[in-house]
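**Q** Mapping the sequence shown onto the working numbering, position 95 (from 1) lands on 102, and the numbers just tick up by one.
Some hints here could point you the wrong way.
Below are the BS3-like pairs computed for lysine-lysine, each with C-alpha atoms no more than 30 Å apart in a straight line [claimed, not checked]:
id, residue 1, residue 2
1, 410, 339
2, 398, 415
3, 104, 437
4, 437, 339
5, 104, 160
6, 339, 398
7, 437, 415
8, 410, 398
9, 160, 437
10, 398, 437
11, 143, 437
Source of the hints: derived by calculation from the structure; they are not laboratory data.
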Amino acid sequence: MAASAETYPMKAGTGPSSYAHNSNLQACVSLFLISSASTPVRTAAEKLRGIITAAIVENLDMSHLSPPSNQYCIADLGCSTGPNTFFTVNAIMEATKHRCDQENADDHLPEFLVFFNDHVSNDFNTLFVSLPTDGKYSAAGVPGSFHRRLFPKGSINFFNTSYALQWISNTPKELSDLNSPACNKGKITYADAHNEVVEAFASQFAKDMDSFLLSDLNSPACNKGKITYADAHNEVVEAFASQFAKDMDSFLVARAQELVPGGLLSILIPCPPDGMHPSKSPFGLLLEPLESSFVGMVNELDFGSWGANGVPHPLVRAGGQALELQQGRLNKDELDSFNIPLYSPSASELRLLVQHNGCFSIARSEEMRHDPLPRISPQSMRAWYEATLSKNFGIEIIDEVFKRYAEKVEGCSFIRDEEGIACQLFILLKRN
8 MAASAETYPM
18 KAGTGPSSYA
28 HNSNLQACVS
38 LFLISSASTP
48 VRTAAEKLRG
58 IITAAIVENL
68 DMSHLSPPSN
78 QYCIADLGCS
88 TGPNTFFTVN
98 AIMEATKHRC
108 DQENADDHLP
118 EFLVFFNDHV
128 SNDFNTLFVS
138 LPTDGKYSAA
148 GVPGSFHRRL
158 FPKGSINFFN
168 TSYALQWISN
178 TPKELSDLNS
188 PACNKGKITY
198 ADAHNEVVEA
208 FASQFAKDMD
218 SFLLSDLNSP
228 ACNKGKITYA
238 DAHNEVVEAF
248 ASQFAKDMDS
258 FLVARAQELV
268 PGGLLSILIP
278 CPPDGMHPSK
288 SPFGLLLEPL
298 ESSFVGMVNE
308 LDFGSWGANG
318 VPHPLVRAGG
328 QALELQQGRL
338 NKDELDSFNI
348 PLYSPSASEL
358 RLLVQHNGCF
368 SIARSEEMRH
378 DPLPRISPQS
388 MRAWYEATLS
398 KNFGIEIIDE
408 VFKRYAEKVE
418 GCSFIRDEEG
428 IACQLFILLK
438 RN
């Protein structure tokens, strides 16, 4: 029996470092909290909102809104703890109502049923505590990985997923093989990685979502010393891309079975501009300071409890007692065998995957670019990645890691991308 996909929930609760308080970036680029964005981002968000609304109105199948069965089921995949998911749902509902107005169908406006989906470890309590109380729709939570079936056949009218599909189901095993050319040493992403690293990510994306990949420290695709495929060699990138492709195929097959005929699936996902090497993905720019924080801690650990030339290491307490962190909680092999399971496909790459799958036709595809890329606050980074990092390195190092991250990005408002500009893709798919 195949193992289930790994889980990477956002930070739970409503505290200062929770996802609920640190999701404004997604909100701005996803167009739903445009009042809080800067003017250029707000303008782009308004444009994208118009594109999405028009695409929904143009492609909505009204045959499933006729009485007596006028229930309209919406599912948001990767909802986290809100509030962005609520704005997304509201936008879909408003577009649906607008189409009803065009058809003079006010007498049978649909009753909306909304399903909020995320991993079983997601903080659904926080999500439902903040659920709007205006009674515009009925709501239910559906825990589980969206890389598999979640709903009965033909039960959903509209699927949405925003900034979630870039999380692949598992990290490619060859990235953890310290003897592999795809080993992404000293990094946590595939940004700026050599081709083997990027290829490893790509390959893993293509593999069965239920196939659990064991860490293999002897693989040529091992991504030593890195936590992403940024600046990684080709084997690493290919492993990520392959896993993403397989995950995407499984995702589309499941959604096609769950959608009504002619049902819609909207996807909003970050992507590098076409022509940019995957290892130059904007994810690398965002995560480089975090990766650097890990590398710095590993380098300090190499000295043991004492620094160079017999000078006590700064992380050693007075009296010579080493911090618990110095006693094997973080070491070079742990870093070399870890990669954040993110892959950002190009727009053309994603369109090809959809076409190859064959379950959907592309009703609308729109790329939105924005420059400069905003620097992410330490609180936001912690909200997004704490669960993944603590699962691999232990909760004990988290405060120190993000303290170092905060020091590295202090005073930086934007990330400058010298080879391209950050991009996001909106694609609306219609079930064949």
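**Q** What are the numbers of the hints that this structure violates, sorted from low to high?
**A** 4, 7, 10
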